[in-house]
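Asks: All chains, please: the whole structure from these sequences, using the hints.
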Amino acid sequence: MLRNYLVTAFRNLIRHKLYSFINIAGLAVGLACTIFILLFLRDEFSYDAWIADSQNVYRVESTFHMPGRDPDFFSLTPFPVTPTMLQEIPEVVAQIHIVPENTTAQVGDREFPVTVNAVDPNFFQVIKLPFVKGDPVGALKDPQSIVLSQMTARKFFGAGKAIGRTVILNGSQPLVVTGIFRELPHNTHLSLEMVIPNTSKADTMALATRSQWVNNPGWGYVKLAPNADPDAVRAKLPAMLDRHIDAKKLLNMNIAGSSLLHLHLTPFRRVHLDAFGETEKGRWATIYGFAAIAGLILLIATINYVNLATARAMVRAREVGLRKVLGARRSQLIVQFMGESLLLALSGLVLAFALVEILLPSFDSLLARPIDYRFVSEWPLTLAILAAVILAGLSGGIYPALVLSRFRPATVLGAGGRAASGSAVVRSALVVLQFAISIGLGVAVIVIFAQIRYSRQLDLGFDRHNLMVIDGGKIPTASARDSLAEALAADPAIAGVAQSGMVPFEGKVGIADVNLPGAIGKITVRAMNIDPNFITVYGMRLMAGRDLSRSRGEDVMHMPASPGAITSANALINAQAARRFGYSVTGAIGHSLIFNSTTRLTVVGVVGDANFDGVQSAMQPFVYVYGPEGLGVISVRIKPGQAQAATAAIDKAWHRFMPTIAIRRRFEDANFDRLFSSDEQVGRIFAIFVGIAIFIACMGLFGLASFATERRAREIGIRKVFGARVRDILKLLLWQFSIPVLIANAIAWPVAWYYLHGWLEGFAYRITLGPLYFVAAGAAALAIAWATIFVHAWRVANANPVYALRYE
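All residue numbers for the sequence shown refer to our numbering, where the first residue is 17 and numbers rise by one.
A couple of the hints might just be wrong.
[As the list claims (entries may be wrong)] Keeping only pairs whose Cα atoms sit at most 20 Å apart, straight-line, the calculated DMTMM-like set for lysine to aspartate or glutamate is:
id : residue 1 : residue 2
1  : 524       : 88
2  : 668       : 127
3  : 524       : 667
4  : 668       : 502
5  : 252       : 262
6  : 171       : 127
7  : 33        : 335
8  : 177       : 199
9  : 177       : 125
10 : 217       : 158
11 : 668       : 507
12 : 524       : 685
13 : 157       : 107
14 : 668       : 475
15 : 655       : 667
16 : 144       : 209
17 : 252       : 107
18 : 668       : 107
19 : 655       : 507
20 : 144       : 199
21 : 149       : 104
22 : 171       : 199
23 : 144       : 158
24 : 171       : 125
25 : 524       : 629
26 : 149       : 209
Since the hints were derived computationally from the structure, they do not count as laboratory data.
Replies: As structure tokens, this is what we get:
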């Protein structure tokens with residue numbers, strides 16, 4: 017009996033080649049896409065899980081609630097926070113910091129621009145990274161020690177021994193290599209290449225910063241006791257902040273310290289996705305989006321499978337009747353149909369596994385990360401996929417198994433071998449669902465790329481093109497920096513040079529508070545230290561008043577000579593600040609404001625709003641001051657077409673004035689592009705999977721069109737005999753398959769609008785969700801549906817009616 021079932025199943029597969037190909041290929045492609053997405057999701061959830069004994073480690077993150085300003089979220093934390101937690105909260109058993117610093121490493125006569133991370137000496141006892149050389153427990157015990165990653169050790173010392181060798185930092189601090197840790201894999205939020213103890217003289221962080229409760233120099237982590245309750249620790253944080261933060265002294269306001277700073281504990285293994293401040297690279301929105309796509313693709317593939325299985329099964333009504341006449345029981349017919357369906361589904365699974373194995377390297381390249389899948393050793397995932405395939409196979413076989421096996425032989429044999437197609441409504445509903453999903457996903461792709469395009473073309477208020485930023489870490493003196501800037505400005509390939517404390521798109525935020533004369537309370541603003549060339553070099557618009565000038569001593573802001581002293585200086589503000597202070601653009605000129613309770617600033621100019629953070633952040637009020645002591649980054653405006661000559665001139669001048677410091681330079685365009693790299697990568701992957709989903713839906717529609725046109729061949733023959741033209745037949749068939757697509761639009765549009773409207777709310781500057789995006793996706797779906805079924809419609813419409821009616 018089993019042999020008979022298998023022979024019959026294989027004969028049906030071979031006899032109906034198109035049906036078999038569409039069914040197996042559609043299911044295989046859908047399964048392959050689902051497997052790829054599952055592998056991506058598995059990788060996202062694997063971040064930092066490989067680090068031993070990290071389940072009780074938490075990153076401490078900050079939210080600042082500055083008066084007159086929206087909350088500012090940071091993954092960083094003030095330096096005193098975690099040591100104080102260790103001292104005052106019994107559940108905290110260890111604490112560490114990671115403070116990155118850009119500097120130059122010298123090995124022999126070679127120089128390398130590097131980022132060194134200053135950490136507490138017990139770092140490797142809390143974050144237990146695997147070592148390949150050295151002892152992690154005592155690696156940072158000596159203040160003059162340094163630990164390298166494998167790649168950094170190879171870069172510095174080649175294949176030779178690294179332990180015991182010397183690395184010189186900052187041009188004068190020799191450190192001895194005491195350990196080498198294994199190269200960090202991609203699935204970690206840590207970024208470490210060189211680690212030194214923060215007890216070392218090579219750690220350049222100012223001592224004053226270590227006691228500041230409103231400055232975020234780096235990341236802080238705490239380790240809790242094994243049975244400690246994180247919620248209990250969180251409950252103790254406000255009281256700790258109230259004891260140590262003097263808001264009266266900082267802001268001249270009578271508020272509790274816990275009202276100014278909120279602390280959050282994020283589990284170390286969930287930082288990648290659950291960071292309260294800035295996310296690393298992972299986002300729950302991406303997780304939910306790809307999980308939804310995986311489910312929808314699998315649903316579309318299953319719908320295809322069910323639709324085609326039920327459609328073809330109706331043709332086998334005569335076979336069912338004959339089998340019953342020859343004595344077949346209903347249970348045998350059910351087993352036969354379910355077995356054939358499972359055979360098709362399992363064939364699709366085998367092909368899906370083959371596709372995954374072949375395309376996995378390309379998927380790695382697309383994600384820019386290594387993704388691996390071992391079918392046997394990762395048996396839980398394989399079993400889950402197998403279960404999904406068996407469910408799809410049972411879903412496809414359940415209708416013919418239960419319905420067709422119930423037919424009476426006399427009925428189906430007397431009806432010319434065809435059963436009444438009661439499943440037509442169900443098939444139409446499933447086609448509607450398929451295309452509703454496809455159209456909704458299509459709208460999402462169009463809107464995502466439209467928002468990215470809009471963001472890229474948004475007027476930022478300054479010219480980021482042909483602008484190079486130079487930052488070699490700690491430039492020794494202000495005079496050396498000024499000499500370098502003057503030498504660069506004299507080069508014919510360079511249009512201008514400016515200095516500043518920070519530059520756009522770097523993620524750094526300078527916050528200050530402002531008091532307006534006669535007003536109660538403080539207003540929090542963004543503060544930026546610039547030299548008088550900055551506005552011109554960055555192409556910002558001066559809307560009223562004048563620019564700052566080096567020749568005017570009153571434009572220079574100096575630090576107070578003694579505590580409590582008040583200095584005075586001139587400053588620029590942006591248009592947003594003028595509005596926030598209650599002035600018009602021109603009316604702000606000449607007004608005074610108290611800056612950080614230490615400086616009386618007079619507004620001498622108002623510049624246009626410039627968005628230095630990207631489109632996801634709303635425009636902030638800015639105050640621009642000229643304080644030569646706080647400058648550190650050099651920006652160079654390069655003349656159009658002179659990038660190569662200017663770069664050579666910059667490198668030459670740098671090595672002339674900073675011979676012991678490796679140069680770091682980057683174009684602002686590249687910094688800007690990094691803001692969108694993650695979204696664009698996700699968008700590309702999303703678009704590929706959406707295209708595959710539409711392709712699978714069209715494969716199913718192609719199969720159904722073939723089935724439908726075959727079933728209506730006699731009807732079309734009669735219509736042609738009575739004078740119907742080819743175009744009339746085409747209209748009839750195209751309209752038949754257009755109705756489900758039009759209904760699908762009516763379903764997909766409101767659902768897509770709801771979710772995309774919420775997604776766009778995350779952007780301070782966003783496109784308007786107009787009808788064009790929805791109409792475009794709907795029209796594209798309709799055009800694809802027409803193109804899919806046109807071949808069948810044309811063939812049937814041009815067929816000689818004699819062939820369809822010769823048995824009538």
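Asks: Evaluate each hint against the coordinates.
Replies: Each hint tested on the structure:
| no. | hint | result |
| --- | --- | --- |
| 1 | 524 / 88 | 12 Å, holds |
| 2 | 668 / 127 | 15 Å, holds |
| 3 | 524 / 667 | 26 Å, violated |
| 4 | 668 / 502 | 14 Å, holds |
| 5 | 252 / 262 | 18 Å, holds |
| 6 | 171 / 127 | 11 Å, holds |
| 7 | 33 / 335 | 19 Å, holds |
| 8 | 177 / 199 | 17 Å, holds |
| 9 | 177 / 125 | 18 Å, holds |
| 10 | 217 / 158 | 11 Å, holds |
| 11 | 668 / 507 | 11 Å, holds |
| 12 | 524 / 685 | 17 Å, holds |
| 13 | 157 / 107 | 25 Å, violated |
| 14 | 668 / 475 | 34 Å, violated |
| 15 | 655 / 667 | 16 Å, holds |
| 16 | 144 / 209 | 15 Å, holds |
| 17 | 252 / 107 | 10 Å, holds |
| 18 | 668 / 107 | 55 Å, violated |
| 19 | 655 / 507 | 10 Å, holds |
| 20 | 144 / 199 | 13 Å, holds |
| 21 | 149 / 104 | 36 Å, violated |
| 22 | 171 / 199 | 13 Å, holds |
| 23 | 144 / 158 | 19 Å, holds |
| 24 | 171 / 125 | 14 Å, holds |
| 25 | 524 / 629 | 9 Å, holds |
| 26 | 149 / 209 | 15 Å, holds |
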